[in-house]
Amino acid sequence: MPDATRIVVAGDVPYEVVVGTGLLQELPAMLGDDVRRVLVVHATALRDRGDVVRADLEAHGYQAFLAEVPDGEDAKHAEVAASCWATLGREGFTRSDAVVGVGGGAVTDLAGFVAATWLRGVKVVHLPTTLLGMVDAAVGGKTGINTSEGKNLVGAFHPPAGVLCDVAALETLPRKDLLAGMAEVVKCGFVADPAILDLVEADPDAVAHWDAPVVRDLVGRAVRVKADVVGQDLRESGPREVLNYGHTLGHAIELVEGFRWPHGQAVSVGMVFAAELARLAGRLDDDLVARHRSVLGSLGLPLTYRGGRWPQLLDAMRRDKKARGDTLRFVVLDGLARPSRLEGPEPAMLEAAYAAISRG
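In the numbering used here, the protein residues as written are 11 to 370.
If you're looking for bench data, these hints aren't it; they were derived computationally from the structure.
Keep in mind that a hint or two might mislead.
Listed next, with one range per pair, are the computed distances between beta-carbon atoms [to be verified]:
hint, residue 1, residue 2, range
1, Asp84, Gln322, 39 to 47 Å
2, Ser368, Leu129, 47 to 55 Å
3, Ala216, Gln73, 38 to 46 Å
4, Asp213, Met359, 13 to 21 Å
Idealized CB from N, CA, C, for every residue including glycine.
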């Protein structure tokens, strides 16, 4: 499509992320000629969209099957994955068949994990329908499910064959979810592309409208940041860790709140915490810490978290997959677009950073 933005994610098997509108016609080419059966994994709320994708696949000669899964984080459980595996087995899926994930980040995480584990890996294509899914979960090949002990503790690295980011899917996304997804976009601005911050600051109100040209620009920029980092480091052994900015505390908040907090809102607070931590470590100036609050606050994203939860949050962070032994590791900034790591900060420093983002 001439007006689509195409971003290549490098790796052993490079793939395209296409950003635009009306992208369903791109799906058969991403699946390829060898695929015969396709399992379309979709959230309950996207039953109509799942039907459309299945009908389109059947019109192109594929055998298509639907797997309806719970909405949101409720999809990311072993029992749900097992139900998808049962469908794959019942319908005779082979290693040359494929899975398509239609939904937000939770659904693409699940669909990717199901594809990664069926016959030790079959092809998967993602059709993210939320902003968070487009700029974060669907790109990069990290798949996973949750356990009662933490978020994404069970998973696999399994790059997709392609990703179709149709921004028209954002039309039905509630405003609060669109803005929550913007936290991941802003994250990309702080760690790699400051132009993202400039665009948000220039017109925060426009960012809340899916059809504003700036939204498509922001999606493309955020995807390009992630593609550049992932292309260097698929398995998160080094450079890719910068994409976890704000996520150490963010994931802890999600766990402590029983996943009732949207991911983007938790990451927003996590970024403010990381900025305060870097300031206390003498690595970030007051102006950039303040810019975290002004940019995120202009989008109506939370900047604080309730006090009195530090013991639970600390325990959750110690169980996070980014920890090493008993050592907590945080992505922090040494300046704008200058991400680095802070390992094993003193307990007093952690508590002081938490006090700076706490409310009564």
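Does the hinted range 39 to 47 Å hold for Asp84 and Gln322 at CB? violated, 22 Å
For Ser368 and Leu129, compare the CB-CB distance with the range 47 to 55 Å and indicate the outcome. With Cβ atoms ~48 Å apart, the hint holds.
Taking 13 to 21 Å as the stated bounds, is the beta-carbon spacing between Asp213 and Met359 within them? violated, 37 Å
Regarding Ala216 and Gln73, is the given constraint of 38 to 46 Å on their beta-carbon distance met? The hint (38 to 46 Å, Cβ to Cβ) holds, given that Ala216 and Gln73 are roughly 43 Å apart.
Violated hints, listed in ascending order, are 1, 4; each of the other numbered hints is respected by the structure.
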